[in-house]
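Participant: Protein chains in written order, with numbering that gives the first Met the number 0: chain A, 0 to 296; chain B, 0 to 333.
Quick caveat, the hints were computed from the structure, so don't treat them as lab data.
A hint or two may mislead.
[Claimed, not checked] Partner residues are not named here, just some residues of chain B that face chain A (Cβ under 10 Å, in silico):
hint	residue
1	A7
2	N298
3	V314
[To be verified] A short, non-exhaustive set of chain B residues, derived as facing chain A with CB atoms under 10 Å:
hint	residue
4	V52
5	L123
6	R125
7	L126
8	G128
9	L238
10	V257
Even glycine gets a Cβ: it sits at the ideal position worked out from N, Cα and C.
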Amino acid sequence: MNWGQAIADAIALGSLYGLVAVGIGLVFGIMRLVNFAYGELITAGAYVLAYTNAWPAPLAIAACVAAVVALSLAMERVAFRPLRHSGASPATMLVATFAVSFLLQSVYLLAFGTRGEIVGTLGQLNSAFTVAGVDIRWIVPVTTATGLVLLAATAALLNRTGVGLHIRAASQDFRTARIIGVRANRVIGLSFVVAGVLAAAVSVLYTVSNPLVQPQMGVPITIFALIGVVVGGLDRLWTAALGGFAVGFVYGMCADLLSSQSSVYLPSVVYGLVILVLLLRPVGLFAPLRARTVERV
Amino acid sequence: MKGPARTAAELGGPLALVLLTALISGTLSTSRQLEFTNAIVMVAIVVALYVFVGNSGVISFGHVSFVAVGAYLAGLVTVDPETKSFTMPGLFPVLRHAHVGTLSSLALAAAAGGVYALLVGLPLMRLSGLPAGIATFAVLGITYNVLYYWQKVGPTAQTLTDIPESGQWTLSGGAIVVVVAAYAYQRSRYGRQLRATREDPAAARASGISIYRHRLLAFTLSGALAGLAGGLYVHQLGLITPDLFYLDLTFVTLAMLVIGGVGSLWGAVVGAVTISALNSFLGDAENTVHIGFRLTLPNGTRLVTLGVVMTLVLVLRPSGITRGREFSLGWLRR
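Produce the entire structure from the sequences given, and follow the hints as far as they go.
Facilitator: As structure tokens, then:
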């Protein structure tokens, strides 16, 4: 087994999960809402790509981003906003995101069937180049670079702009932020837009390596990213991103390095590690040393 | 209402609903009967889940593990040993040779669920909030993974078949045991103390209540009831695969609990029965039903409609159909 190749693949997978983790963490930070339907945004983007194979790549990607952002906003407007206004308990909000996730999956099933569609956009990125005897597919550096650029852009938005300041204020203390004039719906809407853009990016990058699009493809992505968010630490975006990266990276490495005989128990190993980390550091692996647990949800 | 009358109503409401379901199922054709007995089993699973989630306020994504363990154990010990040595030669000798009746298998299932929950809960109940949710989910992931691949504990990805099936009375009897146990617990001193930690952890702790111990107790009891419910499930279906006990069942049972009303036993029962009934009705509607007029839904719309209805109920009534209240006859007097 080639270590260089395994590491390169694992970094790419880690970057993808890092992006998903930021999308989930951003919304969680403001609304204290774990959006289980996030993966269905990625699936929606993948379906858009699958049906625009004939289009030039930039156009297909633009359509994908537009559709996913629209869906993300619709989700917030139709389901989560009314719930927030009615003062629903965290358990209700969480189950509502299940319900939305389930609903979207069944819509995909009804509209597109179980057979699956194939995405061809950017398929040429699967060709490889060779560095020091290691074959690396183009998608690996592209994914990593895109991930870093998007993370930097999100960070810049949050840290350098007025509206970013509002978002940060709202995720520190939503009520107080509202009292001093932060407009709740706008801030939440914007965070769903950013989360949507990130989801669309994941659709584009993910389908290069995994071109088969099926109604339930978003579920494992959400679950692993969510595990990453919690393991990394859900109070801060960068810890969430690192957590997502770590889970993707470890999973990628194990999948490449373990023999097929023992790799059937790989999920158990990963879940066991997750439990261990949570027991030893419930605030998150990358949270600052003095951080305290968030007792919510 | 005064004490005894209130107890009678709060316990009687859920029991009456279970018995009514069993009674109606006796008058129906076989295929229709399966939908009703399935609803009874769902009541048992959701009430078991409620014992922990409802009383503690902590969400568990791991309860289906206990259902799975109960189901597999109750299934394996009731299958004829000769069949087992033929279809599952890799099984642990104890499991391969065991052959007991349905009732004993249900008791074993409850014991296994309880022990498993206790072992898992010992470390995990120190967590709360989302980390607790993710950790219990990790337990589910491990259980599913092991059942799917380990030949010593079952037929792995193959279907476990030839399990004796039970009628509606055994199943509803089991569900009644679960409901009564849940009610006895929530009215007991321990149940009240755990509910106090749910309402105000700081105040409860200041009154000398150990959150950890009470959560662990509820988790263990809840695991035992979930194991029993799993035993009922396997004897209702007659055959199982690991895929039955994973994400779908986890999400469906949590949705039933929250839609019914997470704060009350009545809510758990109503949620399970309502969603089961809706699911069966929509299944029929795809093949035309008569409800005053002919209703035919296009094929495949069942799941979409179910998703829309669940979302709508949550948005319009965030505290659930029962608003988290127990069953009461008070409205009769108004």
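Participant: Which numbered hints are broken by the structure, listed smallest first?
Facilitator: Checked against the structure, the hints that fail are numbers 1, 9, while the rest are satisfied.
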